[in-house]
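Colleague: Chain by chain, the residues:
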Amino acid sequence: MKHAYTWGAIMAVVLASTTGDVLLSRAMKKVGDVGQVWRSSGLMAVVGRILRRPSFVLGIVMMAVAFFSLLFALSWADVSLVAPASASLTFIANAIAAKIFLHERVDHRRWIAALLVAGGVVLLAA
Amino acid sequence: MTFRKYLVLAGVTLFAAIGDTFLSRGMKQVGNISLHSLPDIFLTILNPWVALGIFFLLGFFASYMTALSWADLTYVLPATSLGYVLLALIAKFFLHEQVTTTRWLGIALISAGVGFVTQGPALTRHPSHHDQQESVSEAVGTRTQS
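Chains A and G, in that order, give the protein sequences.
Just so we're aligned, residue 10 is where the first sequence starts under the working numbering, counting upward by one.
Just so we're aligned, residue 278 is where the second sequence starts under the working numbering, counting upward by one.
Treat the hints loosely; a few may be bogus.
What the hints assert, rightly or not - One side of the interface only, derived from the structure: several residues of chain G facing chain A at Cβ under 10 Å:
{"id": "1", "residue": "278"}
{"id": "2", "residue": "281"}
{"id": "3", "residue": "283"}
{"id": "4", "residue": "300"}
{"id": "5", "residue": "313"}
{"id": "6", "residue": "338"}
{"id": "7", "residue": "383"}
{"id": "8", "residue": "398"}
Stated by the list, open to error - Computed Cβ-Cβ distance ranges for the label pairs, DEER-style:
{"id": "9", "chain 1": "A", "residue 1": "64", "chain 2": "G", "residue 2": "322", "range": "38 to 48 Å"}
{"id": "10", "chain 1": "G", "residue 1": "382", "chain 2": "A", "residue 2": "61", "range": "41 to 51 Å"}
{"id": "11", "chain 1": "A", "residue 1": "49", "chain 2": "G", "residue 2": "389", "range": "31 to 41 Å"}
Calculated from the structure, these hints are not laboratory results.
From the three backbone atoms N, C-alpha and C, an ideal C-beta is built for every residue, glycine too.
With the hints as extra help, turn the sequences into a complete structure.
Modeller: Structure representation (structure tokens):
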């Protein structure tokens, strides 16, 4: 039972954090280069522009869901299982989601990078 | 990519690794949380290590948002994955854990992944949405040509 709870929580972390990452990335692309906006209009303009984006607020909510799912998973199982499992699956889920929803050009180089990192994260925990 | 932008990526990497280390330490002290006592999860914030971890993760979040404002998600995520390597090195040198051959291999794979992705362009150009993305494309126009 504890096993099913743990993997359920890990899948919740992966789904929520991928959705959150995609939403936040979309919001920040709309805001534009933060450094440029800061230099031209000041820090408050940056904060205002970010907070006005609905996808940013929704992204934060998804990140909060992912965070508390992670806390749950960590209280049921070792960090050496939970952290690499959720992180490495999130790398792969993000590459797929970024291609579909953000239309990023995920070329061979980026696929290889995502898979290498995902594999490396698993090995770190082994 | 300017030096300042690499600094932001370094911030993403460092703050995440330090934040996670503190959070993990705090949750070990708090112990198991059961589904039957859900509100307990909010009380974990009272643990100083958890609070410190959250503070560092806020720093991570600010630099992460900055990076996402001028780089692709599929660039930022692998590029900042050296944090896992950092966690392993913290474990070796500060917590005196054994770093096995398998772990060194994992470190090598992650480093190779970081090397791969940072060779490429940081941002995808969308010619069809050029009007909406004008400020973004302008900012990175010179970098995406590599």
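Colleague: Hint by hint, say whether it matches the structure.
Modeller: Results for each hint:
Annotation: interface hint on residue 278 of chain G violated; nearest CB of chain A at approximately 12 Å, more than 10 Å. At a threshold of 10 Å, the smallest CB-CB gap from residue 281 of chain G to chain A is about 7 Å, leaving the interface hint in force. Below 10 Å, beta-carbon pairs count as interface contacts, and residue 283 of chain G has none with chain A, the closest being about 13 Å; its hint is therefore violated. Nearest Cβ of chain A to the Cβ of residue 300 of chain G: about 8 Å, under the 10 Å cut. The hint holds.
The beta carbon of residue 313 of chain G comes no nearer than 12 Å to any beta carbon in chain A, farther than 10 Å, and the hint placing it at the interface is violated. Given the 10 Å rule on beta carbons, the hint for residue 338 of chain G holds: about 8 Å separates it from the nearest Cβ of chain A. With a cut of 10 Å, the hint placing residue 383 of chain G at the interface with chain A holds, because the nearest CB-to-CB distance is about 3 Å. A cut of 10 Å between beta carbons decides the hint on residue 398 of chain G: the least distance to chain A is about 8 Å, and the hint holds.
As the Cβ distance of residue 64 of chain A to residue 322 of chain G is approximately 27 Å, the hint placing it in 38 to 48 Å is violated. Checked against the hint of 41 to 51 Å, the pair residue 382 of chain G and residue 61 of chain A passes, with Cβ atoms roughly 46 Å apart. Taking the beta carbon of each, residue 49 of chain A and residue 389 of chain G are about 39 Å apart, inside 31 to 41 Å as hinted.
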